[in-house]
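Chemist: Based on the sequences and whatever the hints tell you, model everything.
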Amino acid sequence: MSYIELKDITKSYHAGNNILEQINLTIEKGEFFVLVGPSGSGKSTLLRMIAGLEDITDGVLKMNEKVVNHLQPKDRNLSMVFQNYALYPHLSVEQNILFGLKAKKVSKAEQQKRLKETAEMMGLSELLDRKPRQLSGGQRQRVALARSVVSEAPLCLMDEPLSNLDAKLRAQMRVEIRRLQKQLGLTLIYVTHDQVEAMTMGDRIMVLNDGEIQQVGKPITLYNEPANLFVASFIGSPKMNMGKTEIKDVSNFLVNKTLSFSADVRMQKAFQVHKNIIAGIRPEHIQPAIHQEATHSLEVIHVEQLGNETSLALDVGGELWTAKWPGQWDITAGNQLEVYISTEHLSFFDAQTEALIRPASFSGHGEVQAI
Amino acid sequence: MRIPFGRKIVTYLLLIAAAFLVFTPTMMAVVMSFMTNQDIMTGSLPSAFSLDNYRRAFEQFPLLHYVINSFLVSIAIMIGQLILASLAAYAFVFLEFKGRDFLFYLFIATMMVPFEASIIPNFHTIRDLGWIDQYTGLTIPFFAMAFGTFLLRQNFKQIPKELREASQIAGMGDVKFYLKVVLPVAKTSLITLGVYGFLTSWNMYLWPLLATTNDNVRTVQIGLRQLQSQEQMNDWGVIMAGAVIVIIPTLILLFLGQKKLQRGLTEGALK
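These protein sequences, in sequence, are chains B and Y.
If you read the first sequence in UniProt numbering, its first letter stands for residue 1, the second for the next number, and so on.
If you read the second sequence in UniProt numbering, its first letter stands for residue 1, the second for the next number, and so on.
Any given hint might turn out to be false.
Claimed, not checked - Examples of chain Y residues toward chain B, derived with CB under 7 Å: (1) Pro160; (2) Gln168; (3) Ile169.
What the hints assert, rightly or not - Result set (DSS-like, lysine-lysine): computed pairs, CA atoms no more than 30 Å apart in a straight line: (4) Y:Lys8 x B:Lys102; (5) B:Lys29 x B:Lys105; (6) Y:Lys161 x B:Lys66; (7) B:Lys131 x B:Lys102.
To be verified - Derived Cβ-Cβ restraints for the label pairs, each shown as a range: (8) Y:Leu84 x B:Lys104: 56 to 62 Å; (9) Y:Ile248 x B:Gly137: 54 to 60 Å; (10) Y:Thr11 x B:His302: 56 to 62 Å; (11) Y:Tyr205 x B:Gly137: 41 to 47 Å; (12) Y:Ala18 x B:Lys168: 53 to 59 Å; (13) B:Lys116 x Y:Lys176: 22 to 28 Å; (14) B:Asn164 x Y:Ile248: 48 to 54 Å; (15) B:Lys168 x Y:Pro4: 30 to 36 Å; (16) Y:Leu14 x B:Ala167: 51 to 57 Å; (17) Y:Lys8 x B:Arg133: 54 to 60 Å; (18) Y:Thr11 x B:Pro38: 52 to 58 Å; (19) Y:Phe147 x B:Pro38: 52 to 58 Å.
Read the hints as simulated data drawn from the structure, not as lab findings.
Positions of the beta carbon are idealized from the N, C-alpha and C atoms, including for glycine.
Modeler: In structure tokens form, the structure reads like this:
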């Protein structure tokens, strides 16, 4: 049963200038749903419309099968975590957590019971008397989460809650939020501009750009079969390498005027339909020529040793491509490097429509390994 | 940074000279209030300490009555200003309506009209309302304060919008949000504005003079003026005694306010 349903949702502040264009979407109960996109893509606006903080210009928003377009935020039975946490600076942690319950006139005994449970769950029991300014960034974040947990609302909205934290803490909070969501069975809508957060946390991801849905799907689907060039370059880090593709002769094609590949029958057909084609390949699919024979030789521009992996910047017809090799490799910048690139790993996009023509196929072995 | 010793001496000498210049009239007033009439007339240094002037100030004039009047008027104006200015500032920051910014600039523009220009129409108004010689006539014309609204609006603007949104989701209306969040958060500014409003009304002269005709509701500043011109010869000792009594509440308020203000300011700085 769908829990939240958006039908042709449109938002505009000035007539004829739509921030969001005909968004159609359903979110299931208990789902961790991530809205991801670059800044200005309209993802926060969409979240605020679900919360009831922004008017809906056009379209229908349903929760539990009921139209809630004009319902006040407080009547939508949801909680929200803001980027700057929105803690009341003059109240202690305890008062901050109980703020919403007091406004909703929950009984004193019930308040204390929920406070105790939540504080224990979030590790805040020692900090209840402190003011927000006496807390570290991570602790403030926890208070903000506790405030939404204590409300016991079945739907929780989060607007870039981790972007004010440092990288280490962010990784830790990612896990905590995910665990909390599972534990409480929350339906969570999470807005972020960070594709790593989106990939690691979401059950499903929606990629938004310029107010339009680019793709909705599971993280792995978005990674393996990006619907268009935008999703392909947005999801994945380092980003997918891309190059213009030209047909050399009947059975061969060139990428970036440098890399030559042989084209199979399906490829040849595709070339007849689409005039301009862009090929993309993930950095991990430019592989060392060890198990396989080298297919190409490329100049190394820069080497980054990360310890567990080695990141290489390679020159491909004047453009920089990145390759990511697991482990440590002793490679010197400026040298030629023998690499193995399989046509199987190439994704193809139409340069005009930017849509996917053919995703990378992994014949024989799937990328996802089941245990 | 350490300041060289020589420069320190020069700085302190300059400071002492400046303090002396600024403070001399006040010092003279305080000293004169304790001198006998004879010493004042001859212009000699004080030869004896006497509280005679203070006794006479209270005996000859209803000084205590004036002081109480001043307190009532100043406190009423202060409270009125705080309530109206904070409510107006709340509307200008948190309520969204058409023409809000235009209205605000219009509001601010009234700051450019000097008080003296509006004093005649104001006088007509309170006379027609029959508020002459009434506390209402002394206080209500000063309740609406463009400067205070401006000050509080700037302060309220620093309150993140997310606080309002969070309380909206929690199911809190505007009135509750104003009372429970905005006012406590903006406490420092409210105190500053309160002190400012109190002192300004305490020192008001022209309006109370116009709006009152008898001693019943007169404020202390008018009383002081009356001390001066009753007879041909001014009794300077009594006048100075009166002046000292009048500045005492101001000083107390400044001392108390300063401490509170400092605490409030550092609290804000720590984020």
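Chemist: Holds or violated: the 56 to 62 Å window for the beta-carbon distance between Thr11 (chain Y) and His302 (chain B)?
Modeler: Given range 56 to 62 Å: holds, Cβ gap about 57 Å.
Chemist: Confirm or reject the claim that Ile248 (chain Y) and Gly137 (chain B) have a C-beta distance inside 54 to 60 Å.
Modeler: 48 Å, violated
Chemist: Falls inside 52 to 58 Å, the C-beta gap from Phe147 (chain Y) to Pro38 (chain B)?
Modeler: Violated, since Phe147 (chain Y) and Pro38 (chain B) (Cβ atoms, about 43 Å apart) do not stay within the stated range.
Chemist: Holds or violated: the 41 to 47 Å window for the beta-carbon distance between Tyr205 (chain Y) and Gly137 (chain B)?
Modeler: The hint (41 to 47 Å, Cβ to Cβ) is violated, given that Tyr205 (chain Y) and Gly137 (chain B) are roughly 54 Å apart.
Chemist: Asn164 (chain B) and Ile248 (chain Y), beta-carbon distance inside 48 to 54 Å?
Modeler: 50 Å, holds
Chemist: Does the Cβ-Cβ separation between Lys116 (chain B) and Lys176 (chain Y) fall within 22 to 28 Å?
Modeler: Between Lys116 (chain B) and Lys176 (chain Y), where Cβ atoms are some 26 Å apart, the hint holds.
Chemist: Should the hint that Leu84 (chain Y) and Lys104 (chain B) are 56 to 62 Å apart at their CB atoms be regarded as holding?
Modeler: 31 Å, violated
Chemist: Taking the beta carbons of Leu14 (chain Y) and Ala167 (chain B), is their distance inside 51 to 57 Å?
Modeler: 53 Å, holds
Chemist: Take a quick look at whether Lys161 (chain Y) and Lys66 (chain B) sit within 30 Å of each other, Cα to Cα.
Modeler: 29 Å, holds
Chemist: At a threshold of 7 Å, is the proposed contact between Gln168 (chain Y) and chain B supported by beta-carbon distances?
Modeler: 5 Å, holds
Chemist: Take the C-alpha atoms of Lys8 (chain Y) and Lys102 (chain B), compute the straight-line distance between them, and say whether it is at most 30 Å.
Modeler: Roughly 57 Å separates the two Cα atoms, so the pair is violated.
Chemist: Given a cut of 7 Å on the nearest C-beta pair, is the interface hint for Pro160 (chain Y) held or broken against chain B?
Modeler: 6 Å, holds
Hint compliance for this structure: hints 4, 8, 9, 11, 15, 17 and 19 are not met, and every other hint is.
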